[in-house]
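A.B. asks: Next come the chains, spelled out residue by residue.
Number of protein chains: 2
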Amino acid sequence: MRLGLDAMGGDFAPEVAVKGAIMALAELDKGCRIVLYGDEARIRAVLEAEQCNSEQIEIVATTEVIEMYDHPVRAFQQKSDSSITVGFHHLAEGLIDGFASAGSTGAIMVGSTQVVRSIEGIIRPTIATVVPTITGAPVVLLDVGLNVDCKPDVLEQYALIGSVFAKSVLEIENPRVALLNIGEEATKGDLNTRATYEHLQVGAETGRYNFVGNIEASHIFTSRVADVVVCDGFVGNIVLKLAEGLYEINKSMGVTNTFWEGLNYEMAGGIPVLGVNAPVTIGHGKSTPLAIKSMLLATEHTIRLKLVERLREAFR
Amino acid sequence: MRLGLDAMGGDFAPEVAVKGAIMALAELDKGCRIVLYGDEARIRAVLEAEQCNSEQIEIVATTEVIEMYDHPVRAFQQKSDSSITVGFHHLAEGLIDGFASAGSTGAIMVGSTQVVRSIEGIIRPTIATVVPTITGAPVVLLDVGLNVDCKPDVLEQYALIGSVFAKSVLEIENPRVALLNIGEEATKGDLNTRATYEHLQVGAETGRYNFVGNIEASHIFTSRVADVVVCDGFVGNIVLKLAEGLYEINKSMGVTNTFWEGLNYEMAGGIPVLGVNAPVTIGHGKSTPLAIKSMLLATEHTIRLKLVERLREAFR
Chain A
18 MRLGLDAMGG
28 DFAPEVAVKG
38 AIMALAELDK
48 GCRIVLYGDE
58 ARIRAVLEAE
68 QCNSEQIEIV
78 ATTEVIEMYD
88 HPVRAFQQKS
98 DSSITVGFHH
108 LAEGLIDGFA
118 SAGSTGAIMV
128 GSTQVVRSIE
138 GIIRPTIATV
148 VPTITGAPVV
158 LLDVGLNVDC
168 KPDVLEQYAL
178 IGSVFAKSVL
188 EIENPRVALL
198 NIGEEATKGD
208 LNTRATYEHL
218 QVGAETGRYN
228 FVGNIEASHI
238 FTSRVADVVV
248 CDGFVGNIVL
258 KLAEGLYEIN
268 KSMGVTNTFW
278 EGLNYEMAGG
288 IPVLGVNAPV
298 TIGHGKSTPL
308 AIKSMLLATE
318 HTIRLKLVER
328 LREAFR
Chain B
18 MRLGLDAMGG
28 DFAPEVAVKG
38 AIMALAELDK
48 GCRIVLYGDE
58 ARIRAVLEAE
68 QCNSEQIEIV
78 ATTEVIEMYD
88 HPVRAFQQKS
98 DSSITVGFHH
108 LAEGLIDGFA
118 SAGSTGAIMV
128 GSTQVVRSIE
138 GIIRPTIATV
148 VPTITGAPVV
158 LLDVGLNVDC
168 KPDVLEQYAL
178 IGSVFAKSVL
188 EIENPRVALL
198 NIGEEATKGD
208 LNTRATYEHL
218 QVGAETGRYN
228 FVGNIEASHI
238 FTSRVADVVV
248 CDGFVGNIVL
258 KLAEGLYEIN
268 KSMGVTNTFW
278 EGLNYEMAGG
288 IPVLGVNAPV
298 TIGHGKSTPL
308 AIKSMLLATE
318 HTIRLKLVER
328 LREAFR
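Residue numbers (our numbering), protein chains in the order written: chain A, 18 to 333; chain B, 18 to 333.
Please keep in mind that the hints were generated in silico from the structure rather than gathered at the bench.
Take the hints with a grain of salt, since some may be wrong.
List of simulated lysine-lysine pairs, BS3-like, C-alpha gap at most 30 Å [said to hold, decoys possible]:
| no. | chain 1 | residue 1 | chain 2 | residue 2 |
| --- | --- | --- | --- | --- |
| 1 | B | Lys96 | A | Lys258 |
| 2 | A | Lys258 | B | Lys303 |
| 3 | A | Lys205 | B | Lys268 |
| 4 | B | Lys268 | B | Lys168 |
| 5 | B | Lys258 | A | Lys168 |
Turn these sequences into a full structure, and let the hints steer you where they fit.
C.D. replies: Written out as structure tokens, the structure reads:
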């Protein structure tokens with residue numbers, strides 16, 4: 018297996034990314050290689066400083082970097098020798114099996130949708146996050162900020178995507194899929210959510226997934242109601258940021274325990290892009306080496322469990 | 018001042034409501050009376066059991082109760098001798114200065130909009146909540162679940178309503194008003210939020226309030242960005258329920274501190290209905306005596322600080 022990593026993504030690149038790659042090696046199979054995309058001389062300098070000469074690390078030299086302030090679409094095309102652009106072309110060509118980056122989310126999405134492309138039948142790819150719960154069971158929340166103004170047919174597909182993710186990656190047998198809403202009854206919610214509820218009922222009847230109805234926000238982190246929580250990206254992003262904000266507040270007050278540590282992005286393994294033809298993982302711009310390591314391990318996990326193949330089957 | 022309280026609202030009525038009223042008396046002015054609406058014999062039994070014969074408590078005997086499962090509009094009209102229906106008519110006639118209830122939220126909204134009615138110029142009344150922050154400064158969040166599918170002109174009014182509330186009730190001089198969004202830049206968000214941003218810019222230019230731009234959910238509880246956070250009721254309700262859910266999780270794990278206690282609904286004083294012609298407060302269905310007491314004190318505070326008059330002035 019060959020894991021692609023954008024060495025130029027995130028703050029303090031390439032130091033942080035290279036250090037994270039070295040950390041990941043300790044937990045990866047000997048047959049697994051990490052392919053670093055970026056400034057070769059700078060990458061080599063970090064490897065040397067870290068006294069790493071592992072054969073499991075390869076470098077693909079690139080000369081450009083897409084910055085956070087660049088226009089994603091334009092930069093992706095114009096900076097054709099950037100770590101992200103080259104990485105995505107290699108991914109599409111099968112030279113690597115997955116690609117992870119803590120760089121420009123916009124550019125990663127351009128690469129995902131324009132180079133790797135959506136799986137046939139999927140209207141809009143999505144990004145998901147696995148959130149912790151008090152029981153320790155993971156819950157998938159999607160979309161967490163990629164797509165806003167999602168129509169019911171798009172959200173209906175997220176139910177299936179989330180369900181396949183929960184089965185394949187979290188190994189939950191018959192994941193309970195719920196719609197995030199402001200009440201439990203079918204008649205609750207705004208117009209779009211109510212219409213989505215009806216779509217999900219139809220989807221459940223045809224056996225696409227196990228729809229269990231609405232879930233209120235207070236139950237997301239209990240795992241009592243659902244394993245997969247479907248929502249529009251506007252709402253999902255607010256849920257995620259709110260939880261992260263409260264995690265930070267707790268941390269600043271010295272509150273630490275297993276539940277809250279589950280909201281630590283460093284451990285979360287990045288945000289997978291779901292619905293495109295190859296595994297792509299987005300990391301936090303502030304990623305530490307530990308966060309990069311977690312992201313690489315999560316990407317490896319996704320490849321090994323054949324998530325993309327299983328999504329393709331589900332939408333065939 | 019005469020504070021109306023629905024003695025039949027909430028679980029374990031009228032015991033809980035009456036006990037809460039007795040608790041409130043200890044902190045209210047001697048000139049303040051609490052008017053209890055409900056089953057006179059049962060109310061008297063509780064007062065006797067609690068050995069309370071205060072002249073500050075009055076009873077208005079009513080014979081019916083609007084239940085949580087009743088259809089709010091129909092029940093409000095058909096159960097014309099219910100504690101909520103009579104209470105709202107008394108409020109509209111000026112026999113009481115404010116009304117608080119832990120009963121059917123739907124029926125309270127019917128009374129608010131059809132009997133007390135909206136303040137002239139306000140498109141849709143709203144419900145707000147005051148959330149705690151790590152600095153101890155309060156932040157107003159609105160709408161928290163009354164209105165979904167809010168158009169930009171409705172949300173624009175919520176900015177003004179929230180600003181007047183923050184000035185009058187929280188005594189913040191020049192409240193910073195922000196729009197809840199998934200990014201800080203003006204171009205972020207879904208279609209409705211982006212359109213609202215433009216409305217708020219115009220409102221700020223004409224001096225209606227101090228609009229400071231977008232706020233991300235991670236900053237709601239820091240008070241670093243805003244004193245007033247405006248959002249659609251769908252999103253606001255999710256924020257509130259999520260925070261309440263995490264409060265419960267923390268509590269179950271033994272985490273307690275001032276910040277999190279601020280999310281304890283028992284201390285929060287209920288949810289004020291804003292934009293109608295008299296003070297109305299909605300309590301939690303699960304209200305304890307302490308929660309009822311907090312709600313009565315919050316209602317008294319609102320009356321004393323002339324919130325309704327100040328809202329009328331703002332929309333004149």
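A.B. asks: Indicate, hint by hint, whether the structure satisfies it.
C.D. replies: Taking the hints in turn, this is what the structure says about them:
{"no.": "1", "hint": "B/Lys96 to A/Lys258", "in the structure": "violated, 44 Å"}
{"no.": "2", "hint": "A/Lys258 to B/Lys303", "in the structure": "holds, 29 Å"}
{"no.": "3", "hint": "A/Lys205 to B/Lys268", "in the structure": "holds, 28 Å"}
{"no.": "4", "hint": "B/Lys268 to B/Lys168", "in the structure": "violated, 37 Å"}
{"no.": "5", "hint": "B/Lys258 to A/Lys168", "in the structure": "holds, 24 Å"}
Violated hints, listed in ascending order, are 1, 4; each of the other numbered hints is respected by the structure.
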